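Asker: Sequence:
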Amino acid sequence: QIVWQAKYRAWGAVEKLVVNEVEQNLRFQGQYFDVETGLHYNTFRYYDPEIGRFTTQDPIGLLGGENLYQYAPNTQSWIDALGLACDKWTVSSHKANKSAVKGKKLGLDSHHVGQKDLMKDLVEGYDPATGPAMLVPKVGHTSLKGNLGVVSRSKINPTTRLPFTSARDVLARDIKELRRVYPEVPNTKLQELIQLNKSMYPEMR
Numbered sequence: 030q031i032v033w034q035a036k037y038r039a040w041g042a043v044e045k046l047v048v049n050e051v052e053q054n055l056r057f058q059g060q061y062f063d064v065e066t067g068l069h070y071n072t073f074r075y076y077d078p079e080i081g082r083f084t085t086q087d088p089i090g091l092l093g094g095e096n097l098y099q100y101a102p103n104t105q106s107w108i109d110a111l112g113l114a115c116d117k118w119t120v121s122s123h124k125a126n127k128s129a130v131k132g133k134k135l136g137l138d139s140h141h142v143g144q145k146d147l148m149k150d151l152v153e154g155y156d157p158a159t160g161p162a163m164l165v166p167k168v169g170h171t172s173l174k175g176n177l178g179v180v181s182r183s184k185i186n187p188t189t190r191l192p193f194t195s196a197r198d199v200l201a202r203d204i205k206e207l208r209r210v211y212p213e214v215p216n217t218k219l220q221e222l223i224q225l226n227k228s229m230y231p232e233m234r
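Residue numbers are given in my numbering: position 194 of the sequence shown equals residue 223, and the series is strictly consecutive.
Treat each hint with caution, since some may be false.
[To be verified] Taking lysine-lysine pairs in the PhoX-like style, the calculated list, with each CA pair at most 25 Å apart, reads:
1. Lys133 with Lys149
2. Lys174 with Lys227
3. Lys149 with Lys124
4. Lys145 with Lys218
5. Lys174 with Lys134
6. Lys117 with Lys131
7. Lys145 with Lys227
8. Lys36 with Lys127
9. Lys149 with Lys127
10. Lys124 with Lys145
11. Lys127 with Lys205
12. Lys205 with Lys184
13. Lys218 with Lys133
14. Lys167 with Lys218
15. Lys205 with Lys174
16. Lys117 with Lys218
17. Lys133 with Lys167
Quick caveat, the hints were computed from the structure, so don't treat them as lab data.
Predicted model, so just to flag it, every value in this text is computed and none were measured.
Make a model of the complete structure from these sequences and hints.
Answerer: Okay, here's the thing in structure tokens:
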């Protein structure tokens, strides 16, 4: 016997209560309906199913991604039923990217852009865990990609032939290296990396 049944909209709002014989406040995974506010409580913050966004910033900050209010990109097309999806060229924090590929044989590495060993000396308060990174193929990152080798980790600026003194120059070198080793990398993803660095570090602006 069915005692509660509802039809949902794409972002989790109840469109119609088909059967409502008992009070049932569970909504999308991890969410609990708050009758007083009409919002869904989601562990540490509230979610508004009418607009598909959280009402406050992500408590873990940029570790969860650069959009601090995002719930999901698109709940009708962005699905991962088995929890195995992980896209090459994904831009996020190093910690988030590393976690996404952990235990999966996807042939992908999380690559810091700009290079962490240089950034920690050129950017105040730099944390490698939250540093901008991209998921790249292991071949070209930790193993040689034919005559292209691997992305450079040199501490010497190829333009001046002296040690790097600018975080902007490090980022420019790293973007150029990604294009050299992975010519198929989308420009939109490289722009995303650049913008993420600029949004996080004053030294990049």
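Asker: Evaluate each hint against the coordinates.
Answerer: Now for the hints, and whether the structure bears them out:
{"no.": "1", "hint": "Lys133 with Lys149", "result": "violated (29 Å)"}
{"no.": "2", "hint": "Lys174 with Lys227", "result": "violated (30 Å)"}
{"no.": "3", "hint": "Lys149 with Lys124", "result": "holds (16 Å)"}
{"no.": "4", "hint": "Lys145 with Lys218", "result": "holds (19 Å)"}
{"no.": "5", "hint": "Lys174 with Lys134", "result": "holds (19 Å)"}
{"no.": "6", "hint": "Lys117 with Lys131", "result": "holds (14 Å)"}
{"no.": "7", "hint": "Lys145 with Lys227", "result": "holds (15 Å)"}
{"no.": "8", "hint": "Lys36 with Lys127", "result": "violated (37 Å)"}
{"no.": "9", "hint": "Lys149 with Lys127", "result": "holds (19 Å)"}
{"no.": "10", "hint": "Lys124 with Lys145", "result": "holds (13 Å)"}
{"no.": "11", "hint": "Lys127 with Lys205", "result": "holds (23 Å)"}
{"no.": "12", "hint": "Lys205 with Lys184", "result": "holds (15 Å)"}
{"no.": "13", "hint": "Lys218 with Lys133", "result": "holds (23 Å)"}
{"no.": "14", "hint": "Lys167 with Lys218", "result": "holds (18 Å)"}
{"no.": "15", "hint": "Lys205 with Lys174", "result": "holds (16 Å)"}
{"no.": "16", "hint": "Lys117 with Lys218", "result": "holds (10 Å)"}
{"no.": "17", "hint": "Lys133 with Lys167", "result": "holds (13 Å)"}
Violated hints, in rising order: 1, 2 and 8; the structure is consistent with all others.
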